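Residue numbers (my numbering): 961 to 1153.
Just so you know, the hints here were simulated from the structure itself, not pulled from any lab data. Quick caveat, the model's predicted, so the values are computed rather than measured. Keep in mind that the hints are not guaranteed to be accurate.
Derived pair list, reagent style EDC-like, types lysine to aspartate or glutamate, alpha-carbon separation capped at 20 Å [unchecked claim]:
| # | residue 1 | residue 2 |
| --- | --- | --- |
| 1 | Lys1053 | Glu1077 |
| 2 | Lys1115 | Glu1078 |
| 3 | Lys1080 | Glu1045 |
| 4 | Lys1080 | Asp1046 |
| 5 | Lys1053 | Glu1078 |
| 6 | Lys1115 | Asp1103 |
| 7 | Lys1053 | Glu1085 |
| 8 | Lys1115 | Glu1077 |
| 9 | Lys1030 | Asp965 |
| 10 | Lys1115 | Asp1067 |
| 11 | Lys1080 | Glu1092 |
| 12 | Lys1115 | Asp1071 |
| 13 | Lys1053 | Asp965 |
| 14 | Lys1115 | Glu1126 |
| 15 | Lys1030 | Glu970 |
| 16 | Lys1053 | Glu1092 |
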Amino acid sequence: MAVIDSTKKEINFKIVYYGPAESGKTTTLQELHSSVKSKKKSEVTKASKTERTIFFDFLALKSDSIGGYKTRFQVYTVPGQPLYEDSRRLLLKGVDGIIFVADAQLDRIQDNLNSLEELKVLLHEMGYTPQEIPMVIQLNKVDLPNIPPIDELRKAINIFHVPDFETIATTGSGVHDAFRECVRQVLMTLKDL
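Start from the sequences, fold in the hints, and give me the full structure.
Take a look at the structure:
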């Protein structure tokens, strides 16, 4: 959850991009990073052994101040490969918001559902339900030919009934809208602090 540093008058939030392997999490983070003014961001730290994300990406975004406190968003992606469940569990600790990146292709529906189920279990282990954590879903790769009708995709994937966005991470389409909605939800939790 949010870390408040009264000395620095700063609030740090953690947003995690979650989803199955190769759904577009890292591409989304890279797009987000490239569009933010350089004074408001850090460099992306990528811990990987190959082109695919093995551990996490980290991006600290500075935002406007709220109540005299500067806000900072630490943005991570989790590795989607099944064998990295422990890494995903670790990266979810202290999460303030989740952006689930679903691969919209027909042959990836079950991968998305498996990842959503794992997310539900991991949140439960931490004492939360998916409804208690600010969350949005990116229906990514909607530009590809092998996707179901969007209404069917939403019905199949959006099992938590959270805001969802059609995205194309490779062009940035919809990526910023999804991020802004997650940030909006996270900031709404400030009233509870």
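Structure-based check of all given hints:
1. Restraint check for Lys1053 and Glu1077: the C-alpha separation of about 17 Å stays at or below 20 Å, so the hint holds.
2. Among the hinted pairs, Lys1115 with Glu1078 is consistent with the structure: their alpha-carbon atoms are about 19 Å apart, no more than 20 Å.
3. Taking the CA atoms of Lys1080 and Glu1045, the gap is about 13 Å. The hint holds against a cut of 20 Å.
4. The suggested pairing of Lys1080 with Asp1046 holds, with an alpha-carbon distance near 14 Å, which does not exceed 20 Å.
5. Restraint check for Lys1053 and Glu1078: the C-alpha separation of about 15 Å stays at or below 20 Å, so the hint holds.
6. A hinted pair counts as satisfied when its Cα atoms are at most 20 Å apart, and Lys1115 with Asp1103 qualifies at roughly 19 Å.
7. Proposed proximity of Lys1053 and Glu1085 is supported: the alpha carbons are some 10 Å apart, at most 20 Å.
8. Proposed proximity of Lys1115 and Glu1077 is supported: the alpha carbons are some 15 Å apart, at most 20 Å.
9. The suggested pairing of Lys1030 with Asp965 holds, with an alpha-carbon distance near 10 Å, which does not exceed 20 Å.
10. Annotation: proposed proximity of Lys1115 to Asp1067 holds, straight-line Cα distance about 16 Å (limit 20 Å).
11. A distance of roughly 11 Å separates the Cα atoms of Lys1080 and Glu1092; the hinted pair therefore holds under the 20 Å criterion.
12. Between Lys1115 and Asp1071, the direct Cα distance comes to roughly 15 Å. Compliance with the 20 Å bound is thereby established for this hinted pair.
13. Restraint check for Lys1053 and Asp965: satisfied, since their Cα atoms lie roughly 18 Å apart, inside the 20 Å limit.
14. At roughly 13 Å between alpha-carbon atoms, Lys1115 and Glu1126 fall within 20 Å of each other, so this suggested pair holds.
15. The suggested pairing of Lys1030 with Glu970 holds, with an alpha-carbon distance near 5 Å, which does not exceed 20 Å.
16. Straight-line distance between C-alpha atoms of Lys1053 and Glu1092 comes to about 14 Å, which keeps the hinted pair within the 20 Å bound.
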